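Chemist: Below are the chains, spelled out letter by letter.
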Amino acid sequence: MSTQPGSLEMVARQWDYFRTLFRRTWRGSIVSNTVLPVFFLLAMGLGLGGYIDDGGSSTIGISYLAFIAPGMLATNAMTMAVGESTYPIWVSFKWEPVYSARIATPLRIVDVLNGLVAFLLVRLVLTCAVMMAVLVAFGTVSSVAGGVGAVLMCTLLGLAYALPVFALSASIDDDTPFALLFRLGIIPMTLFSGAFFPVSQMPEALQWVAYLTPIWHGVESARMCTTGVVAWLPLAGHAGYLAVWVVAGWLLARRQFTARLADG
Amino acid sequence: MPDPTTAPLVRARALTKSYGDFQAVRGIDIDVAPGEAFGFLGPNGAGKSSTMRMVAAVSPVTSGELRILGLDPATDGPQIRAQIGVCPQEDTLDTELTVRENLVVYGRYFGMSRQRCRQRADELLEFVHLADKAGGKITALSGGMKRRLTIARSLVNEPRLLLLDEPTTGLDPQARHVVWDQLYRLKQTGVTIVLTTHYMDEAEQLCDRLVVMDQGAIAAEGSPRTLIEAYSTREVAEIRMGVGDNAVAADKAEGLAERMEVLPDRILLYADSGDAVLEAVHARGIRPQSTLVRRSTLEDVFLRLTGRSLGE
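Chains as they are written, first to last, in this note's numbering: chain F, 33 to 296; chain H, 1172 to 1483.
If we strip away everything but chain F, and leave its shape as in the complex, we get (with noise of 0.2 Å):
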């Protein structure tokens, strides 16, 4: 109907909830998702990284340390993403029914999701920023754009993978598919996508595997923008990619969302 707010009204809504939350709630979180890829930068890139490069065998041109900085924007906001779209998702539905008394409101299902997405935007882009300032520090960014490019890849990667655990959470009852998910899925591939070794390095099975995963295109992505050697058609290939993640994984939340809170 004409007369109903807009989705835009309706997320616009919720950001005196959220807000109210992020006050209380933004210094941990910053500090909570930087400080294990800055442990990572050091140990890696300085530690390791001093290691071989000093070794002269580097095939990949460019230092160790930066060629793995990307790799930690890239899977730091994969990691910051799951962690986000599973357990407190998923209790606001089981334990502590919130998305119920919401939906009491004018807010649709729809709205409520977007609302999730909207805010987790916000912290996507956040901590990606307070990641980016950290490479910037260990020298690994080449120009301002890249930053920002790179930025905006990696918020794009860390919603890839949120929406379809949102999904997820909103469809299981228990919560032991997140030990899975994080032991055979995000751990695996923040090992084998590309953030410390080229997948080039593996066998050409798993190779492909790693090409399908989102993270794959993410670190890529954010590589190309960090180092400044940016290849057009291949970044545009990788942001569409995401994309499709992104849409068919709203598209899926939705369905679950709705089946959940319509008639749970």
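By construction, these hints were calculated from the structure, which means they are not laboratory data.
Fair warning: this is a prediction, and the values are worked out from it, not measured in the lab.
Some clues are possibly wrong.
[Claimed, not checked] Which residues of chain F face chain H? A few of them, derived with a C-beta cut under 10 Å, are:
id: 1; residue: Pro129
id: 2; residue: Tyr131
id: 3; residue: Ile135
id: 4; residue: Ala136
id: 5; residue: Asp143
id: 6; residue: Asn146
id: 7; residue: Trp282
id: 8; residue: Leu283
id: 9; residue: Arg287
id: 10; residue: Leu293
Idealized CB from N, CA, C, for every residue including glycine.
Fit chain H to the supplied structure of chain F, relying on the hints for placement.
Modeler: Same frame as chain F, but now just chain H:
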């Protein structure tokens, strides 16, 4: 054009709700008039909550017709929900927010201005006697306080129609009376109330009119008084026998009352004068361990209509 002052706020015809093969609501007709306090009385699983979720424009109708404030929930859900208040059965307060923030943030969902939300939150905290808890945590509230806060939250948008699903289930007697008092005061201000309950005393206290629901259908409809008059006697004599003596005593008492119900723990004898029945019981040589004469309640109506008691 129906007259807006008398047109029903809720109108259902042959309304059903199914979950897969299970039919939770089996074709009910209801009309709720403006200013009325209307109740669904029935045991757990009678289809009350399923009906309420449809009336709240949250759960889609399976078949039949449903109009809330004259609107169709299938197409006008947000508009309907903008004008109603919902107090659900389970606690849906946000534990990440303070008591007051729960109200302020909720008001924003209705598109109210920040200033109006804050003002309304303070008014409502006064109304439900939680003003001193405004900055406190949800987890520090008692069950009764949480329920009152949930009721306050359902009033944020000044609803024309208030839906309450089992408003006092799980509360201790004192907390129940506080909630009843607040609902009664709301009713006095002209708010239309629709509630579900499986407590017959709650239905008697709060409802002008109610339907007795059983297994997804309406078994009877009327005011508490007319239902009791129609389906029960003025008084009830309850007699308790020793364990296993019920059947024998029931045989002996045959014909003494207008109607008799044999429950596992007692026998109910329905008559206009309970004392007269008890005298007759003694005259037949029945020696109960204890006796009680009381007025008929909706519990008796339910027992008569379904053969079961509400708690079952």
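Chemist: Check each numbered hint from earlier against the structure, then list the numbers of those it violates in ascending order.
Modeler: Hints 6, 7, 8 and 9 are the ones this structure does not satisfy, whereas the remaining hints hold.
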